[in-house]
Amino acid sequence: MHKIEAIIQPSKLDAVKDALVEIGIEGMTILEARGHGRQKGHTEFYRGREYTVDLLPKVKLEIVVADELVEKAEQAILSSARTGKIGDGKIFRSRIDEAIRIRNDERGPSAL
Amino acid sequence: MRRYIVTSLMVLTLCCSPIVLAQTSAVQPPADRISKLESAVAQAQSSADNAWMLTSAALVLMMTGPGLALFYGGLVRKKNVLATMMQSFAMMAIISVLWALLNYSLAFGPGTSIIGGLHNVFLRGVGLTPDPDYAATIPLQTFMIYQLMFAIITPALVTGAFAERMKFSAMAAFLTLWSIVVYSPMAHMVWGKGGLLNASLGGRFPCLDFAGGTVVHVTSGVSALMCALYLGKRLGYPKEPTPPHSVVLSFIGACLLWVGWFGFNAGSALGSGPLATSAFVNTHFGAAAAALSWALAEWIRNGKPSALGGISGCVAGLVAITPAAGFVQPLSAIVIGLIAGVCCFFMVIKVKSWFGYDDSLDAFGVHGAGGTIGAILTGIFASNLINPIFKDPKTGAALPSGAIQGNWGQVGNQLVGVAIAWVISIVGTLILLKIVDVTIGLRVSPEDEVEGLDLTQHGEEGYDFAS
Numbered sequence: 003m004h005k006i007e008a009i010i011q012p013s014k015l016d017a018v019k020d021a022l023v024e025i026g027i028e029g030m031t032i033l034e035a036r037g038h039g040r041q042k043g044h045t046e047f048y049r050g051r052e053y054t055v056d057l058l059p060k061v062k063l064e065i066v067v068a069d070e071l072v073e074k075a076e077q078a079i080l081s082s083a084r085t086g087k088i089g090d091g092k093i094f095r096s097r098i099d100e101a102i103r104i105r106n107d108e109r110g111p112s113a114l
Numbered sequence: 010m011r012r013y014i015v016t017s018l019m020v021l022t023l024c025c026s027p028i029v030l031a032q033t034s035a036v037q038p039p040a041d042r043i044s045k046l047e048s049a050v051a052q053a054q055s056s057a058d059n060a061w062m063l064t065s066a067a068l069v070l071m072m073t074g075p076g077l078a079l080f081y082g083g084l085v086r087k088k089n090v091l092a093t094m095m096q097s098f099a100m101m102a103i104i105s106v107l108w109a110l111l112n113y114s115l116a117f118g119p120g121t122s123i124i125g126g127l128h129n130v131f132l133r134g135v136g137l138t139p140d141p142d143y144a145a146t147i148p149l150q151t152f153m154i155y156q157l158m159f160a161i162i163t164p165a166l167v168t169g170a171f172a173e174r175m176k177f178s179a180m181a182a183f184l185t186l187w188s189i190v191v192y193s194p195m196a197h198m199v200w201g202k203g204g205l206l207n208a209s210l211g212g213r214f215p216c217l218d219f220a221g222g223t224v225v226h227v228t229s230g231v232s233a234l235m236c237a238l239y240l241g242k243r244l245g246y247p248k249e250p251t252p253p254h255s256v257v258l259s260f261i262g263a264c265l266l267w268v269g270w271f272g273f274n275a276g277s278a279l280g281s282g283p284l285a286t287s288a289f290v291n292t293h294f295g296a297a298a299a300a301l302s303w304a305l306a307e308w309i310r311n312g313k314p315s316a317l318g319g320i321s322g323c324v325a326g327l328v329a330i331t332p333a334a335g336f337v338q339p340l341s342a343i344v345i346g347l348i349a350g351v352c353c354f355f356m357v358i359k360v361k362s363w364f365g366y367d368d369s370l371d372a373f374g375v376h377g378a379g380g381t382i383g384a385i386l387t388g389i390f391a392s393n394l395i396n397p398i399f400k401d402p403k404t405g406a407a408l409p410s411g412a413i414q415g416n417w418g419q420v421g422n423q424l425v426g427v428a429i430a431w432v433i434s435i436v437g438t439l440i441l442l443k444i445v446d447v448t449i450g451l452r453v454s455p456e457d458e459v460e461g462l463d464l465t466q467h468g469e470e471g472y473d474f475a476s
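So the sequence lines, in the order shown, correspond to chains X and D. If you read the first sequence in this note's numbering, its first letter stands for residue 3, the second for the next number, and so on. If you read the second sequence in this note's numbering, its first letter stands for residue 10, the second for the next number, and so on.
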């Protein structure tokens, strides 16, 4: 089992969710985040004082998938979240040791 | 058929009744009837005036709570929102009680040309009959409660200077003393019986201040500057950004201020007649014109007109038109607004950073500067066509009011009023700050300032969206 963490533009969330559901991935966790990579922020003006806002709103999506689905899931995210511009985001993949369903103690890939 | 008979009988009875009545009661003599009519007319005038004045008093209170509370609250960081609003609310509570116990007497009781005496403490003598010197058609208590709302908002304005770093206890102590030492004498001089600057009751330097440009805005603004200088800057200012946490709240507050200001200015006519209309109209045009000129200035300078700039402009215009509201013509009000918007914009954008003081919410830039500008422009634009405040003592004919009618001396009198306001504010504020600093201590500790005043001063959080 692998965990896929994707940091994406908030405006792309719906497209990514739909793409993942389409390939059979139903469980996901969405977090509202702020951050930046190489993307610069913007300046705001309040009563003549200039503020540089460099922590930009992002969405972080976390899914844990069976090994067979990892490539397909990553491809789905890449194609639905990409705009080609700086600020598109990143995907991180890591290994997961165990998954447990709280309701009935089911373990392993069938708990996903 | 039956209905026709009934109707005819009723008409017949009605026609006969005057004959019947005339035979049973005597007709009243004309003199009695005229005096009854006269008192009925006076009652009607009184009712109209009192209705408007009570409404105005409510509008002015609304300016403090929630108008100013929201306006200031939105401009500070989230961790200080409640503390900031609480400062305005505290004034609503403290100043009200103090007004009844002492300050009304100091401001409006008979005394010297600088301060009233103790004649009206505990509201002694302040009943429901009018005082003809102040407002001949409304109960004196209406006048008293209306003036109280001004006494509340003035210290509340000062809180803008020391936002986010003053102890609640110190603020309460300082502003309580300030209302006695600075506000009451200034109110007495401009509006009280025998006041040095009172234009309608024969003051030595008649200063035209319709609704409190000097009494409210210059005093609060200049005192705010003194507070900002004495207390020092917030931690991290100016390097660390402190943007408003909710311009939405400030927007709502500013609009409540605009509407409430109709009570502030038009209510200062102390009646419901045409003078109230003039003040109402001028207030509105002053606000609108200043919002425009600030927004335009910002658009030109920064490339975008901000919402915060728009509402700041409208407040600046309202401040500037305050002394002029019942003295100028509507087009003059527009000119005053245009000037105030641009000047206060530059005060806040440029002058503040030149001198480097941390007037957190621009109490001086908007109220101190706007009030000073407005007071001077009043001397220029005042017209006896709107308000014949100066009359020839022998003939009763109206004398020229302001410079546009040839009375350039009035600008001099305005400057005297403004100068007195500046001096009393500077001296009074610095002395009181020192006293409170030495006894209670003014600033919160640096740790408390970082954690935020809501938690450290009030044990509360403004927003808890997680719950």
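Any given hint might turn out to be false.
[Stated by the list, open to error] Cross-link-like lysine-lysine pairs, in silico, DSSO-like; alpha carbons within 27 angstroms at most:
| id | chain 1 | residue 1 | chain 2 | residue 2 |
| --- | --- | --- | --- | --- |
| 1 | X | K42 | D | K87 |
| 2 | X | K60 | X | K19 |
| 3 | D | K87 | X | K62 |
| 4 | X | K60 | D | K88 |
| 5 | X | K60 | D | K87 |
| 6 | D | K248 | X | K42 |
| 7 | D | K313 | X | K87 |
| 8 | X | K60 | X | K92 |
| 9 | X | K42 | X | K74 |
For the record, the hints were derived by calculation from the structure and aren't laboratory data. Because the structure is a prediction, the values reported are computed rather than measured.
### Message
When the structure is checked against the list of hints, which entries are broken? Sort them ascending.
### Response
9
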